[in-house]
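Chemist: Residue-level listing of the chains:
Protein chains: 2
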Amino acid sequence: MQQKIINPQDLAFQLFELHDVERVLGFDRYADHSRETLQAALDLALKVAAEEFAPHARLVDEEEPRFEQGRVVMRPEVKRALDVLRDTGLMAASQDYERGGMQLPAAVAQMCVGLLKGANVGTQGYAGLTIAAANLIMVQGSEAQQQRYAEPMMAGRFFGTMCLTEPQAGSSLGDLRTRAEPQADGSYRLFGSKIYISGGDHELSDNIIHMVLARLPDAPPGVKGISLFLVPKFLVTEDGRLGERNDVALAGLIHKMGYRGTTSTMLNFGERDGAVGYLVGEPHQGLAAMFHMMNEARIGVGLGSVMLGYTGYLHALDYARERRQGRPVGEKDPATAQVPLIRHADIRRMLLAQKAYVEGGLALCLEGAMLVDEKKHAATDAERRQAAGLLDLLTPVIKSWPSRYCLEANSLAIQVHGGYGYTREYPVEQFYRDNRLNPIHEGTHGIQGLDLLGRKVSMAGGEHYHELMRRMEASLAEARQHARLTGSADRLDVAMRAMAAATDAINGEKQRGNTEKALANATLYLDAFGHVVVGWLWLRQALRALSGLAGKGEQTPEFYEGKVRVCDYFTRYELPNVISTAELLQAVDTTALDMVDEQF
Amino acid sequence: MQQKIINPQDLAFQLFELHDVERVLGFDRYADHSRETLQAALDLALKVAAEEFAPHARLVDEEEPRFEQGRVVMRPEVKRALDVLRDTGLMAASQDYERGGMQLPAAVAQMCVGLLKGANVGTQGYAGLTIAAANLIMVQGSEAQQQRYAEPMMAGRFFGTMCLTEPQAGSSLGDLRTRAEPQADGSYRLFGSKIYISGGDHELSDNIIHMVLARLPDAPPGVKGISLFLVPKFLVTEDGRLGERNDVALAGLIHKMGYRGTTSTMLNFGERDGAVGYLVGEPHQGLAAMFHMMNEARIGVGLGSVMLGYTGYLHALDYARERRQGRPVGEKDPATAQVPLIRHADIRRMLLAQKAYVEGGLALCLEGAMLVDEKKHAATDAERRQAAGLLDLLTPVIKSWPSRYCLEANSLAIQVHGGYGYTREYPVEQFYRDNRLNPIHEGTHGIQGLDLLGRKVSMAGGEHYHELMRRMEASLAEARQHARLTGSADRLDVAMRAMAAATDAINGEKQRGNTEKALANATLYLDAFGHVVVGWLWLRQALRALSGLAGKGEQTPEFYEGKVRVCDYFTRYELPNVISTAELLQAVDTTALDMVDEQF
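Here the protein sequences come in this chain order: A and B. Residues 1 to 600, numbered by the numbering used here, are exactly what the first sequence covers, in order. Residues 1 to 600, numbered by the numbering used here, are exactly what the second sequence covers, in order.
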């Protein structure tokens, strides 16, 4: 565990025991893979993360990218690390062999990226955005676009961005104004300004491919009038050579609290005669195209939160074991030696909470990644449809739960360090600053709550929601066969029933047409729902750990015992808060809705 | 409210209606004061805060003090602001007239400092530490020490520090090693290293007076062997002139996540022939001497948290009123204009939570400040004793509750701002970074929890705890006479009973000698106890607001209505979580205690 990015036992447990990633090797797509090839990819990612990414994580925070004479200037370590990453082939981890990819299962591919995030989220950002943009072209783009743009991106020669936000619109994408004018040759000219464009300019790659949301001249207002365009920094000739500089100008850099290594830019499209762009997919279908990739992007955000929480936890654990301070309660003799911090109950409680959040969050993100594979590659239509529905339902939870609770884990890691944790001599304060972005980007908690409660829970007549409940019930039944888990099962059961009652009450309100009232506490619903889902994943971890304790597993008995105990902790200390929230929700409380401006 | 430091209606309400600070004007000490003189001091503090402190708050974060050739170099605005503050006389706000003080009641004096904290906590730090150190000398020092050191401090010519922490001891003060060797002339020579010394070196004042904890040669081990010394940077002659430089060396600066304007230093005492120091108070009574001032210092920390939360809330409120984004749930026409953020229920919920935390926290800190005055100046021994006991009991809550929940308010202020809130173009991210110190310094949450549950609750046979319960019961009875408050009263009642049962169970465990088990969840106890206390203060605010609505008050009806609604919010959304925590506590849960190192 020397690298302090992940506990290797936990990584192996989660992938190969809890989620049994080997079961997807039965899908045709993964027929060439084995436990060994998956492990080799993970080992490679961990090595690059520890050796090339982690060492300059603090450096890119202290010396963030600068705007100098129209260029973005940054530390040379960033390019070196990304060059090494490119050479591993991991930037195409999940892509087809014929495109130069490794055709790895989604859970393993996501995990490889996750390890880089835990090591240095700032530098990883450039690669992560490129992978996401390439995926988007591979799904939505034409064959020519795939060859000309996506393949060099997967090979790490071109990097990519996502250009959604505009200053006047923020989260309200329907209000974006960037316009695209059709040209005689079938291309478009784009005019408009975008903000918060991560990796929007740099000299890390030969080219930058911007995926831009804009409006055609005949576009209807709102989200139904948005189209997706591909806008390269340098035009690319038919034979793949770089042509002239496109009309995309760097208007400035945005300076952030954390995540400083990933430069955030303002870009102006069409300051001169318009930025040359190419339509991706159908006209006016841009938002749907973008959202097609959102499930995976949001798993990426969730996993990024988890990994920042995870590295913070490992740093805190290490510190608590090494740092001697104070004496046990009841030890009155000041001449005795000081004990390691981990001997204090309150320090253990803070470590337990961190472990519960980060390992619970990891189980959640990997659950989502497994569903990505089942949705695409499962044997039957029915299985694929069910996986797709569950993934849709869980996506807002996967995006938001870790970004709240693994941020809290980072705060607890600071607290374990005491005064040292607040200084920039120790890394935990940076994790906390870096992680504070995750509740905001790719849809705030508020947006995710409306998505979950306003759409996902009642989607397909509640079919996906009921399927999730059915799976939870099955785990409860299994857990009740073990004396050590009946308490946890009972506590989860109570929380599930409370949330089910709340869901029914809210659905009733929606059916009566009181949408605003029904959704007034959607963020609280999201939070409580997430706790129930993670409680379920902890119960499943404990179940698997009991098998391990019975000899059916590869980890140490102490590791398995720890899992059972954290399940107990989570259902005792964390789940009960769901009950009071569920009662508020069931009553369809309108306290916030009724407060008027002048009363603040 | 243009200054965004405090809502003037709330300030007036809290001081003059809720806490009725005018009642202390009946004490002899304050006979010269009137509503007008108190208001004049507050107005002066607010003017200095807004005009001299706030404008450079971001600047001292961006350009924090630097270590150059053995000196601390910082922005000139800091000295200018502190010079203006010195000239107002506010640095001696609570001191005697004869010492050059203003003899203001504690609640008003604290509030004056609080306004400076809300404006610029970094620059205020130098003044705050000086006030605290001067107070310490005024209570514990000899007449000569008071004249030679404290008076120039109160006049702002000398600044002060508190030197407690050492690298090997951290929170475990009993393990500090700095030693003091007696000299023939009655002075001492000090040898040792201190860390995290805020304001430990600078050129803002003619001299710096360090209040240092150290051990005499014959000291017993542990906290019973600590003495308090006064160590000036420059020796001071009998006639008050500055003499030679003392043997106190700046070993380096510590760089922090926030609170960057207040330089944090490492100081070496006695690198040459020993730093000249003077004993303050009795030998081996240093910790008691220091803790004599702790109640007020901890109110200061709590109030600092509140004011950082408060300014963040006002910035978020302003932004939510001005920024237009999105449309109400149910508005399907994208051609309609975007609405202000405050129209969205989830934004209102986040503003409500912030208002509940910061105005609840302010009520809590002012409750403590009122007790400071009653403890010192109330008419009878019994009243003074009761006030002192309640203050002791509430101090850990006053220190810790705001430092958790007003930090959460700062996080919510970022969330209301969305992506902008994460950038350094907006001030809310700095408030969040600044406020993250408060759960750590002056005793972490863990330390405060042990203080509350291990000592304060059972102090004097539980007398102070029962007095607090009695006062809460009285408020419940009063609230139940108002139809609008019966729901809140009932919810508070349930939470109180749950915590009373938990307290009884824990006390039983202590009496059976199981101290470690009894205190294992002391931090959770602290948190839940704090929520009950703040719930009580919200009920009292609502009661007072109903009087205001009935015509007995100076604020607007909307303001009073808002108070009643926030009380409702707090008891509906916040208090119920106390119940589940109380159940854990009542069961004397040992999940964290039982987890062993290898299971992490």
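One or more of the hints may lead you astray.
Note: identical chains are not told apart, hence a pair may lie in one copy or across any two.
[To be verified] Taking lysine-lysine and the BS3-like style, the derived pairs with C-alpha atoms no more than 25 Å apart in a straight line are:
#, residue 1, residue 2
1, LYS376, LYS4
2, LYS332, LYS4
3, LYS510, LYS332
4, LYS552, LYS79
5, LYS332, LYS47
6, LYS517, LYS552
7, LYS79, LYS47
8, LYS79, LYS4
9, LYS224, LYS332
10, LYS376, LYS552
It should be emphasised that the hints constitute simulated quantities derived from the structure, not laboratory data. Source: prediction; values computed, not measured.
Chemist: Hints first: check each against the structure and report whether it holds.
Modeler: Taking the hints in turn, this is what the structure says about them:
1. Neither within a single protomer nor between protomers do LYS376 and LYS4 lie at most 25 Å apart by alpha-carbon distance, with minima of 34 Å and 53 Å respectively.
2. In the homo-oligomer, the alpha carbons of LYS332 and LYS4 never lie at most 25 Å apart, since the shortest distance is 35 Å inside one protomer and 49 Å across protomers.
3. For the identical chains of this complex, LYS510 and LYS332 are inter-copy neighbours only, at 16 Å across copies versus 61 Å inside a copy, given an alpha-carbon limit of 25 Å.
4. Within a single copy, LYS552 and LYS79 get their C-alpha atoms no closer than 44 Å, and across copies no closer than 68 Å, so neither meets the 25 Å cut-off.
5. Taking identical chains as interchangeable, the C-alpha atoms of LYS332 and LYS47 are never at most 25 Å apart, the minima being 47 Å within one chain and 51 Å between chains.
6. Within a single copy, LYS517 and LYS552 get their C-alpha atoms no closer than 50 Å, and across copies no closer than 35 Å, so neither meets the 25 Å cut-off.
7. Taking the shortest alpha-carbon separations for LYS79 and LYS47, only the intra-copy value of 17 Å comes in at or below 25 Å, while the best inter-copy value is 50 Å.
8. Taking the closest pair of Cα atoms, LYS79 and LYS4 come within 25 Å of each other only inside a single copy of the chain (23 Å); across copies the shortest separation is 43 Å, beyond that limit.
9. Taking the shortest Cα distances, LYS224 and LYS332 sit within 25 Å of each other only across copies (11 Å), while inside one copy they are farther apart (71 Å).
10. Taking the shortest Cα distances, LYS376 and LYS552 never come within 25 Å of each other, neither inside one copy (30 Å) nor across copies (68 Å).
In terms of the numbered hints stated before, the structure departs from hints 1, 2, 4, 5, 6, 10, listed from lowest to highest.
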